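> In case you want the letters, here they are:
Number of protein chains: 2
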Amino acid sequence: MNSSLPSIDRLVEAFQRLPGIGPKSAQRLTYHLIKMKREESAELASAALGIKDNLTTCEICFNISEKSQCSICSDNERNSQIICVVEEPLNVLAIERSKIFKGLYHVLYGVISPVDAIGPDNLKISELTQRIKNNEIKEIIIATNPTLRGEATASYIRDMVLELDKSVEISRLARGLPSGSDIEYVDDSTLVHALNSRSSLK
Amino acid sequence: MNSSLPSIDRLVEAFQRLPGIGPKSAQRLTYHLIKMKREESAELASAALGIKDNLTTCEICFNISEKSQCSICSDNERNSQIICVVEEPLNVLAIERSKIFKGLYHVLYGVISPVDAIGPDNLKISELTQRIKNNEIKEIIIATNPTLRGEATASYIRDMVLELDKSVEISRLARGLPSGSDIEYVDDSTLVHALNSRSSLK
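Going line by line, the protein sequences match chains A and B. Per the working numbering, the very first residue in the first sequence carries number 4; after that it's consecutive. Per the working numbering, the very first residue in the second sequence carries number 4; after that it's consecutive.
I should point out that these hints are in silico values taken from the structure, not numbers from a laboratory. Hints may contain errors.
The list treats identical chains as interchangeable, and a pair is accepted whether it falls inside one copy or across any two copies.
Claimed, not checked - Listed below are the simulated DSBU-like cross-link pairs for lysine-lysine, each with C-alpha atoms no more than 35 Å apart in a straight line:
1. Lys-102 x Lys-38
2. Lys-141 x Lys-27
3. Lys-55 x Lys-38
4. Lys-27 x Lys-40
5. Lys-40 x Lys-70
6. Lys-40 x Lys-55
7. Lys-40 x Lys-136
8. Lys-27 x Lys-38
9. Lys-55 x Lys-27
10. Lys-70 x Lys-127
11. Lys-127 x Lys-40
12. Lys-55 x Lys-105
13. Lys-40 x Lys-105
14. Lys-141 x Lys-38
15. Lys-70 x Lys-136
16. Lys-55 x Lys-102
Model, not experiment: these values are computed from the prediction.
Work out the full structure: start from the sequences and follow the hints.
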């Protein structure tokens, strides 16, 4: 894969450190950048450089923000009594795209994973406990991913909320068939959930 | 897709201009960069910025180079009587990876494509003619892609070389079944070529 040109190899290596970009894609991106206009490649470089300088995390929900409180937490129109708990900032964006949720968020920054030595203390869980204690919260929607670790983290948070002994509803996103899917190709676990959570048509 | 944060949207847009990166990948890359260490994202930015400053094209074969003549053209060990003609600099890298070709290259920078208003004059074809005229060349291997436009460009170059009336061999990369492929899934055109160019086992 070595091009024998240091400046090319350097950019190929930098691209390869990004998720989902293998050696061949990294090479293709690099050669595309060489062909680009100087202003365009400079814009990518400057945007990549600026991304760290202009961003912080919201002091309430830990979503990525340009101010100490993010635009969602500081929006008075949103229902502050419902908190949707997600693993990563990207998940906030995905749920916001659906335009159906009007409450607030809480970003955990990961899931409990003993193998990777990530325990509850490494996530923003105690901060969530504080939010529930100090505010009038009616419902916690746990929206961690439907994976083993996501489920384990959801259980942990449920137990933690129950222990607080406040009358807070706890819910979890429904599991079932994804829209547009074909039952033939859906995995067993999804089918089990889809059957168990079937809804009456009457 | 809008994150409502200008610095995020700016990097997402810059990533989306790269080939093979759609809106969702661009978003994933951006959020990954936010999580990266500052040195790592700075390294990507600086490598992207440096790529234009340190590179030029070889004055002989037009491959990308850090000097006026690329490392292949200035290598005395290579056979300067054979020229392999390719569409793009990335193709040079692919053929060099195979380690089987020991001649020189000539990069066209595209293919003839009337629809896109790209004619022979927009490619490095007259430069190829000059190389053949001024040097002792024994063989031209045309290694444009096996597409309609690649074939048309190959024909054009073949005619151009024949017109020069020098005793130059002209060849084209063989077409047939790719290694590891399954005949059941190979397209018709490939099968036609594989059958027509079948080789005797005796």
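> Work down the list of hints and note, for each, if the structure agrees.
Each hint, compared with the structure:
no. : hint             : in the structure
1   : Lys-102 x Lys-38 : between (39 Å within a copy, 26 Å between copies)
2   : Lys-141 x Lys-27 : between (50 Å within a copy, 33 Å between copies)
3   : Lys-55 x Lys-38  : both (27 Å within a copy, 9 Å between copies)
4   : Lys-27 x Lys-40  : both (22 Å within a copy, 24 Å between copies)
5   : Lys-40 x Lys-70  : both (33 Å within a copy, 20 Å between copies)
6   : Lys-40 x Lys-55  : both (25 Å within a copy, 9 Å between copies)
7   : Lys-40 x Lys-136 : between (54 Å within a copy, 33 Å between copies)
8   : Lys-27 x Lys-38  : both (17 Å within a copy, 24 Å between copies)
9   : Lys-55 x Lys-27  : both (27 Å within a copy, 20 Å between copies)
10  : Lys-70 x Lys-127 : within (19 Å within a copy, 52 Å between copies)
11  : Lys-127 x Lys-40 : between (43 Å within a copy, 20 Å between copies)
12  : Lys-55 x Lys-105 : within (28 Å within a copy, 46 Å between copies)
13  : Lys-40 x Lys-105 : between (42 Å within a copy, 33 Å between copies)
14  : Lys-141 x Lys-38 : between (55 Å within a copy, 32 Å between copies)
15  : Lys-70 x Lys-136 : within (24 Å within a copy, 66 Å between copies)
16  : Lys-55 x Lys-102 : within (28 Å within a copy, 42 Å between copies)
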